[in-house]
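Make the full structure from the sequences, and use the hints.
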Amino acid sequence: MKTISVAHSPDADDIFMYYAIKFGWVTPNNARFTNIADDIETLNQATIKGEYDICAISFALYPFVKEDYALLKTAVSFGEGYGPKLIKKKGTKLKRNFKVALSGEFTTNGLLFKIAYPNARITYMNFLEIEQAVIDGTVDAGVLIHESILNFSDTLEVERELWDIWVELSGGGLPLPLGGMCIRRSIPLHSAIDYENTLIKAVDVANKNRKVLAPMLLEKGLIRVDANTLDTYLDLYANDNSVELSDIQYKALDKLFELGYKNGFYENLVKSKDFLIPSEYEELRAK
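Position 26 (the sequence shown) corresponds to 6 in this note's numbering; numbering is contiguous.
These aren't lab readings, by the way, just hints derived from the structure by calculation.
Computed from a predicted model, the values in this text were never measured in an experiment.
Ideal Cβ placement from N, Cα and C applies to all residues, glycine included.
Be aware that a few hints might be false.
Claimed, not checked - As a list, the in silico EDC-like pairs of lysine to aspartate or glutamate whose alpha-carbon atoms are at most 20 Å apart:
(1) K242 - D254
(2) K2 - E111
(3) K191 - D206
(4) K251 - D227
(5) K231 - E148
(6) K79 - E111
Stated by the list, open to error - Label-pair ranges, simulated between beta-carbon atoms:
(7) V192 - R12: 38 to 46 Å
(8) E137 - T103: 16 to 24 Å
(9) T14 - V192: 20 to 28 Å
(10) L108 - K191: 24 to 32 Å
(11) K191 - R101: 42 to 50 Å
(12) G153 - N10: 40 to 48 Å
(13) E85 - D215: 28 to 36 Å
(14) M196 - T135: 21 to 29 Å
(15) N248 - S133: 15 to 23 Å
(16) K75 - M(-19): 51 to 59 Å
Written out as structure tokens, the structure is:
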């Protein structure tokens, strides 16, 4: 039986969406999934190096790894009127070339920030360190992600919502693409289809059994936040829209890739549907 490495972030939505597999509620055919949890930029860098079979990534990374990894249609996180936040100390005014902390070079929030603030001086750090760096004055501002957007020091204030930047750049009407998963192209197609279907089922089962699964994760100490914060966070990022990419989410991804291309971050214009696993192969083979 093959062992397939599945890497995801330790934030609440990724843990929630994966653990239906970890608890044995959903299993792949003829394979065993082993999971690794790490912060999203570490996973982005690992994907560039080809370290994992299946890996959570920032959507903004994907055009850089499209030759080696296919996009998966599941375990996706989008913002709908919310998302990462650019924060600063209360009452301060940011200069044109303010120093800012971002959670990674290849993050989606990083891409949008760099388009909106081309003169900012960027430093990268683990997302868990950004709030304190702003409080200490190490940086003038920082972009908070994951659970950090829900609770931060009352000495800080939001300078700008990344959602608002997205609306301005995209023209509005689209959800904000944040993160998803990809799978190594060298995996045989029929196996890749099975693994994707397993993950789709796992996210669906987790979502439908949230009242059972969420308390289990809290009881086992697998989540960094309390029950109320977890409930709020799952409402945002692990919900019905996370199970399988929809048409409007494909449009949002294409707009993100278009913005990156037009602003010189990508060499080629990428269309998301061109880089999926051709799951119709199994249907054609069955005929």
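Outcome of the hint check:
1. K242 - D254: holds, 19 Å
2. K2 - E111: violated, 32 Å
3. K191 - D206: With Cα atoms ~15 Å apart, K191 and D206 stay inside 20 Å; holds.
4. K251 - D227: holds, 13 Å
5. K231 - E148: holds, 16 Å
6. K79 - E111: holds, 14 Å
7. V192 - R12: 38 to 46 Å: At roughly 24 Å between Cβ atoms, R12 and V192 fall outside 38 to 46 Å, so the hint is violated.
8. E137 - T103: 16 to 24 Å: holds, 20 Å
9. T14 - V192: 20 to 28 Å: This hint holds: roughly 24 Å between Cβ atoms.
10. L108 - K191: 24 to 32 Å: holds, 28 Å
11. K191 - R101: 42 to 50 Å: Check passed, 46 Å falls within 42 to 50 Å.
12. G153 - N10: 40 to 48 Å: holds, 43 Å
13. E85 - D215: 28 to 36 Å: holds, 29 Å
14. M196 - T135: 21 to 29 Å: violated, 35 Å
15. N248 - S133: 15 to 23 Å: violated, 42 Å
16. K75 - M(-19): 51 to 59 Å: For K75 and M(-19) the Cβ distance comes to about 58 Å; the hint holds.
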